[in-house]
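J.: If you want the building blocks of each chain, they are given just below.
There are 2 protein chains.
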Amino acid sequence: MSVTTTDSNATAPTQFLQGRLETYAYRRVGGGIKRPLICFQHFTGTLDNWDPAVTDPLASDRDVILFDGAGVGQSTGKVPTTVAGMTAHALDFMDALCLISCDVLGFSLGGMVAQQMALERPSLVHRMILVASAPRGGDDIMHLEKPSLAKHLGDPTLKGFAVLQKIFFAASPSSQAAGGAFIDRLARRKEDLDTPSGTDVAAAQIAAFREWERPNAASLAALSGIQLPTLVVNGVHDEMIPVSNSYRLAEHLPNAVLLVYPDAGHGALFQYHESFTRHAAAFLTSDSQFAPY
Amino acid sequence: MSVTTTDSNATAPTQFLQGRLETYAYRRVGGGIKRPLICFQHFTGTLDNWDPAVTDPLASDRDVILFDGAGVGQSTGKVPTTVAGMTAHALDFMDALCLISCDVLGFSLGGMVAQQMALERPSLVHRMILVASAPRGGDDIMHLEKPSLAKHLGDPTLKGFAVLQKIFFAASPSSQAAGGAFIDRLARRKEDLDTPSGTDVAAAQIAAFREWERPNAASLAALSGIQLPTLVVNGVHDEMIPVSNSYRLAEHLPNAVLLVYPDAGHGALFQYHESFTRHAAAFLTSDSQFAPY
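Residue numbers (my numbering), protein chains in the order written: chain A, 1 to 293; chain B, 1 to 293.
Any given hint could be a false lead.
A few chain B residues facing chain A, derived, Cβ under 8 Å [what the hints assert, rightly or not]:
1) A203
2) G225
3) I226
4) L228
5) V236
6) E239
7) Y247
8) P254
9) N255
10) A256
11) Y272
12) S275
13) Y293
Beyond 12 Å from chain B on every Cβ pair, some chain A residues (computed) [said to hold, decoys possible]:
14) R189
15) D263
16) R278
17) A282
If you're looking for bench data, these hints aren't it; they were derived computationally from the structure. In this text, a Cβ means the ideal position worked out from N, Cα and C, and glycines have one as well.
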């Protein structure tokens, strides 16, 4: 197990870890005495999609560990078509890191993996942050065919990260400006880049969204068994996974604080990175059994 | 204008201020260089209903000013039957204090007064905190006839503050324990007590709720014109003014952060007073034009 760390995801070397199931590409940022924070990534996102303005401040006194799930980026294997399948690989990766307790940050699809992990192995997760995510059985999850999203995803002029400025941020000039700053930060990384996701990754992950979205009252109820302190975060204008899903998470998770940002969409954590990392650090650092920080 | 201040609402002397319309009972806690925070009170609440665990920490570096609206406690006059009428008195009180800029904390009914003030005189309010409140045209506002509330309000064994433990807090043992601590804190004040509200106060304020609750799409839309930074706070299990009203506030106010607490009802700010005052102070102290803190 490597111990190479660095202070920014703009420069952290990509490393590889052999699990029981696959070999995982990962990066480790920062370091310190606090419990490590493992980050679960969004739809088609790779190691290069983690905003250094989010990872780096959180890494000032803890390890922030980013990884590619099976079949994503430079990790081996195939992308599972269910969140449970992705969770099996996340657990495999964390077991290979010899982690027995950690905090998790799940963004969008990653927040679904975090919930599944909290259900399957609650002893592993100390505190959980779910950003722009949804409960199993949630509403209107990642319907990329919606006109509000399709017009950007089908725009051939939006190359590379540029489409994220459109779909992760609200339409207002202020949110779009924050989106421009976000993609500029992602572009700071010039070397040792990850492998961008192709259509096979997207198709498998979309299948997982459809399976996760199936109406399922029992799964909503199952959230009430997750006692771990949770911070639920969203932008009020999220078109990809509407904020109502964050409301449902906070209503069913018995120990969750909900924080919703104005004038922001799916990428509220990137838009308000200073506020988000301040709240996240305060939440993670609390030693209370209750979520409020 | 008096300048008597003290460090706790458990001991702050009740003072009186002559306005253009009425004479208002008020208290001033703390002091400091920061902008004063004016607090607008809940249904039938008087000066004695402000929890020192909320007022006092916020007063460590600012004046926290509590007052009775017209016809409430020891203020002269009649209780208006509309929020707009109450707002006229609140403005009268603030004008008599010679305030040209302040922050406001509105709890429940008080949050409606705060919204009305932000619409009528936006120049006066710098930042606004709305706790357990509702927009005009909101849902299920203060229907005390609901079984979940009526069973407590009609219980003759619940004297004085005791009913607040039942209706401001969730049913869980942890929330009820917090409710017990809350009413113990209110009971710390032994002298110079305010006049409890009678049925005439309750009836007028209920009339104001009914007027505020009338479906009114234009009023929801009017919230989009309130640009001032706002912090919206609620408990997820609020039976008096359901949390969906806080969702609507955060969705329509263009510059509002939403913070929702778990395992808590209408009185989430009292239950999580340490967290609430930390968040409120951070929010009030921010000098950004945007709400996120």
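J.: So, for every hint listed, does it hold in this structure?
T.: Hints, verified against the model:
1. Contact between A203 of chain B and chain A, as hinted, is not supported at the beta carbon level, the nearest pair being about 33 Å apart and thus beyond 8 Å.
2. Among the interface hints, the one on G225 of chain B is violated; its C-beta lies about 14 Å from the nearest C-beta in chain A, farther than the 8 Å criterion.
3. About 11 Å separates the beta-carbon of I226 of chain B from the nearest beta-carbon of chain A, more than 8 Å, and the hint is not met.
4. Look at L228 of chain B: its Cβ only gets to about 12 Å from chain A, farther than 8 Å, so that hint breaks.
5. The closest approach between the C-beta of V236 of chain B and any C-beta of chain A is roughly 6 Å, which is under the 8 Å cut-off, so the hint is satisfied.
6. Given the 8 Å rule on beta carbons, the hint for E239 of chain B is violated: about 14 Å separates it from the nearest Cβ of chain A.
7. A hinted interface residue such as Y247 of chain B counts as satisfied when its beta carbon comes closer than 8 Å to some beta carbon of chain A; here the least separation is about 6 Å, so the hint holds.
8. The interface hint given for P254 of chain B holds, since its Cβ lies 6 Å from the closest Cβ of chain A, which is under the 8 Å cut-off.
9. For N255 of chain B, the interface hint holds, the least distance from its beta-carbon to any beta-carbon of chain A being 5 Å, beneath 8 Å.
10. Against a cut-off of 8 Å between C-beta atoms, the interface hint on A256 of chain B holds, since the closest Cβ of chain A lies about 5 Å away.
11. Taking 8 Å as the C-beta contact cut-off toward chain A, the hint placing Y272 of chain B at the interface holds, the least distance being around 5 Å.
12. Here the hint on S275 of chain B is kept, as its CB sits about 4 Å from the closest CB of chain A, short of 8 Å.
13. Because the smallest distance between the Cβ of Y293 of chain B and any Cβ of chain A comes to about 6 Å, under 8 Å, the interface hint for this residue holds.
14. The Cβ of R189 of chain A lies farther than 12 Å from every Cβ of chain B, with a closest approach of about 26 Å, so its non-interface assignment holds.
15. Annotated as non-interface, D263 of chain A brings its C-beta within 12 Å of a C-beta of chain B; the closest such distance is 6 Å.
16. A Cβ of chain B approaches the Cβ of R278 of chain A within 12 Å, the least distance being about 8 Å, so the stated non-interface status is violated.
17. At the 12 Å boundary, the C-beta of A282 of chain A falls inside the reach of chain B, the nearest C-beta of that chain being 8 Å off.
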